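Chemist: Given the coordinates of chain D, work out where chain G with the ligand should sit on it, guided by the hints.
The listed protein sequences derive, respectively, from chains D and G. Heads up, the first sequence is in numbering that gives the first Met the number 0, so the first residue is 0 and it goes up one at a time. Heads up, the second sequence is in numbering that gives the first Met the number 0, so the first residue is 0 and it goes up one at a time.
Treat the hints as calculated values from the structure; they're not laboratory data. Keep in mind it's a predicted model, so treat the numbers as computed, not measured. Be a bit skeptical, because a hint or two may be false.
Quick partial rundown of chain D residues pointing at chain G, CB under 10 Å, derived from the structure [stated by the list, open to error]:
id : residue
1  : S89
2  : I110
3  : Y220
4  : E300
Simulated pairs of lysine-lysine, PhoX-like, Cα-Cα distance not exceeding 25 Å [to be verified]:
id : chain 1 : residue 1 : chain 2 : residue 2
5  : G       : K103      : D       : K252
6  : D       : K165      : G       : K103
7  : D       : K101      : D       : K167
8  : D       : K167      : G       : K103
Cβ coordinates follow ideal geometry from the N, Cα and C atoms, glycine included.
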Amino acid sequence: MNKEIIYTLDGLYRDPFQVEGFRFGQGNRSACIVGASRGNEIQQMYICSQIVQALKRLEEQGDIVNENEILVIPCMNPYSMNVGKRFWPSDNQDLNRSFPGKADGEVVSRISHAVLERVKGYNYGMQFTSFYMPGDFIPHVRMMETGYQSASLANLFGTPYVLIRKPKPIDTFTLNYNWQLSGTNAFSIYAGGLEEIDENAAKQAVSSVLRFLTRMGIIRYRNHSGYIASVIHDEDLMSVQANLAGLWKGCKKPGDVVEYGEVLGQILDPYEGHVKGEIVSPTQGIVFFAHNDPLIMENTEIYRIIRRMHE
Amino acid sequence: MIKEIASIELPVHENLSIRKTHLAPFVDGGEHKRLSLVTGIHGDELDGQYIVYEVIRRVQEHPEYLAGEVDLYPAINPLGVDMAIRAIPMFDLDMNRIFPGSEKGVMAEYFAAALTGDLYGSDLVIDIHSSNIYVQELPQIRVNEQFEERVMEYARGMNTDIVWVYSSANALEATLAYTMNTLGVPAIVAEMGVGHRINRAECNQMLTGIFHVMQTMGIWTGPVEEVRTSLVTREGEVSVIRCENSGVFVSHRSGLGAVSQGELIGEIILPMEGRVIQEVRAPHDGFVFTLREHPVVYAGDLIARIHGGMYE
Ligand SMILES: [Zn+2]
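This is chain D alone, in the form it adopts within the complex (with noise of 0.2 Å):
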């Protein structure tokens, strides 16, 4: 293992903040693995560290591939991870909607255009990324349709679904997004929440990493073969959300099978605890998103259901 500095930015008072990668085996850029870019995306930099353990044994034993380089960059902000801030600790700007970026620009555009740049010509690139509404999701592989992407390949994380999904203008300033433009196969990865660590969501994403490189042939270890992905787009997503507010008590989780008419969950008086309404499912289906704040108020979407979809 080999680890670099890919950008330092002198503090005033504070040490110097830097992105720190780390690099395993030598030769082709074949894969590169990106955690947090905001500093409460805890999960996302912890599942990073176990992959840096991870294939720090499996350099050791020799399973590297040969003219296979990987690299893994577990933070790529950290000065707002020690603040406790989701966006960059001064000006609030977000990491994740800076990209390309300049290398003349303003400080997030900076550091974003240099993690680009060190990360472009790479064949495979998985980035560990959160949603900006509270909640969870099942755990899934994400792939933006720029007519770059391959769905086939996202299949072989073996993770239980993949989405494919049209990017918005505001993804237009993602890692994701811009990687892929660059020409490298770009993933995103969701897997647990952020701020707290889901151990098992963490073991599977790890593996899901582990198993993509296994069949790409860039390490050997021999791990279960996962899922036969579901791979579903943004019209098989049905939103539902809240017509009143309150307390939000929901009775599905991500994965759960609903019915058509199914009571999802009720929303209480905050005061006087009686039940205002209840949310019925508009669809058939599977749980793929369900927020998880006990306050909801209207129109908060408290479900993505994929629907029609059968366990």
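Modeler: Frame of chain D, contents of chain G with the ligand only:
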């Protein structure tokens, strides 16, 4: 008349709504124009609060001069204004990146869609922003070159020092102004001052422009003041100066405006070492229209924008 545009129930016994003040002539003389003034998309930008107040006050003082409709939307991000934060709280989302929104979307998108719908049919939309706490902006109008032809007459009439026509390559889709222009509703963006503050003199300067534009549109028949000739600057005519290393920026200027080549704009210092690490000088004669306000800087932070060439 105050009208509610959209409302959403918050979790604990509170409703959140966005509202507008609708001003219309006493006697409906048939065909007339409609101007919409929008502000408070960013909760930390407050100059628009005074501007909205003053437009309403002046119209109420002389309702006989009003010959068209004026809609004023003072707080598109009401929670942000209340909490003195830029983004939409809870989501930490920049509201000016989600237009045209979605009627079925979550709060921010739903509000964006309601606003877009309500603004539709306006003859002009002016989206009033202040700067943030980091840089100070001279009153200016920003125009996407893609829509220049349609809005330039209004932009020049706004009594600002600068009209900045920026390249459409750098334009952000999903802003309010971009969305309205795309829908065929002329829209311009006003920028001024700094965040969390109201600069009354600059607001009054902008108000002169607003009433001038209202007169041009046939909405205001009362007396208006002369407007200044704006300097029109384009991509390639603006020098952007950023700091090279992290430190503390100390301005040597008393304000924005004309500079000569080589003039000292400020210094970036390292307090503990008692030394200057960067002297910021004007690269050419010109006009400073953006200047660093918040002193602590990281490499890459914006120090100044200077319109190049001779300024008369
Ligand atoms: Zn603004």
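Chemist: Hints first: check each against the structure and report whether it holds.
Modeler: Against the structure, the hints come out as follows:
1. S89: Holds, about 7 Å.
2. I110: holds (9 Å)
3. Y220: Hint on Y220 (chain D): violated, closest Cβ of chain G at ~38 Å, above 10 Å.
4. E300: holds (6 Å)
5. G:K103 x D:K252: OK: K103 (chain G) and K252 (chain D) at ~23 Å, within 25 Å.
6. D:K165 x G:K103: Given that 25 Å is the threshold and the Cα spacing comes to 18 Å, the pair holds.
7. D:K101 x D:K167: holds (22 Å)
8. D:K167 x G:K103: holds (16 Å)
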